[in-house]
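> Sequence:
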Amino acid sequence: MNKKPKSVDTYISSAPRVGQGTNAYVCTMQVENFDDIAKKIEAAGGVVAMPKFAFPGMAWQGYFLDTEGNTFGVHQPDKNAK
1 MNKKPKSVDT YISSAPRVGQ GTNAYVCTMQ VENFDDIAKK IEAAGGVVAM PKFAFPGMAW
61 QGYFLDTEGN TFGVHQPDKN AK
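Every letter in the sequence shown is one number past the one before it in full-length UniProt numbering, and letter 57, counting from 1, is 57.
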């Protein structure tokens, strides 16, 4: 039996230039309360990249930029989102 581990191919891209936009995977984190987390992000120096929006019947989603310009997402499951 072959017990050789399978490999995982990865790629690390360079950071986008200012104004270029996202050029790779955007990490998105699930949270319990989108609005509370959004306030904490902004208080820590993050900025809204895409305001909160609904995936109707599923969740709330939004995107932010951290203090180094990296984009990340926030996702709050909510079957009542609309």
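Some hints could be false.
Said to hold, decoys possible - Cross-link-like lysine-lysine pairs, in silico, DSSO-like; alpha carbons within 30 Å at most:
1. 40 - 82
2. 40 - 79
3. 52 - 79
4. 82 - 39
5. 52 - 40
6. 52 - 39
7. 52 - 82
8. 39 - 79
What the hints assert, rightly or not - The calculated label-pair distances, taken between Cβ atoms and stated as ranges, are:
9. 19 - 77: 15 to 21 Å
10. 59 - 19: 17 to 23 Å
11. 59 - 39: 25 to 31 Å
Since the hints were derived computationally from the structure, they do not count as laboratory data.
Glycine residues also receive a C-beta, built at the ideal position from the N, C-alpha and C atoms.
> State for each hint whether it applies.
So, going through the hints one by one against the coordinates:
Distance restraint check for residue 40 and residue 82: the Cα-Cα separation of roughly 24 Å lies within the 30 Å cut-off, and the hinted pair is therefore satisfied. Simply put, residue 40 and residue 79 have alpha-carbon atoms about 24 Å apart, close enough for the 30 Å limit, and the pair holds. A hinted pair counts as satisfied when its Cα atoms are at most 30 Å apart, and residue 52 with residue 79 qualifies at roughly 15 Å. This hinted pair checks out: residue 82 and residue 39 have alpha carbons roughly 21 Å apart, not beyond 30 Å.
Pair hint residue 52 plus residue 40 holds up; C-alpha atoms about 14 Å apart against a cutoff of 30 Å. Of the pairs offered as hints, the one joining residue 52 and residue 39 holds, with about 12 Å between alpha carbons and a cut-off of 30 Å not exceeded. In summary, the hint linking residue 52 to residue 82 is supported, as the alpha carbons are separated by about 11 Å, within the 30 Å threshold. As the CA atoms of residue 39 and residue 79 are separated by approximately 22 Å, the hinted pair is consistent with the 30 Å bound.
Separation of residue 19 from residue 77 is about 33 Å and departs from the stated range, judged on CB atoms against 15 to 21 Å. Separated by about 29 Å at the C-beta atoms, residue 59 and residue 19 break the suggested range of 17 to 23 Å. Taken as a hint, the range 25 to 31 Å is violated for the pair residue 59 and residue 39, whose Cβ atoms sit roughly 19 Å apart.
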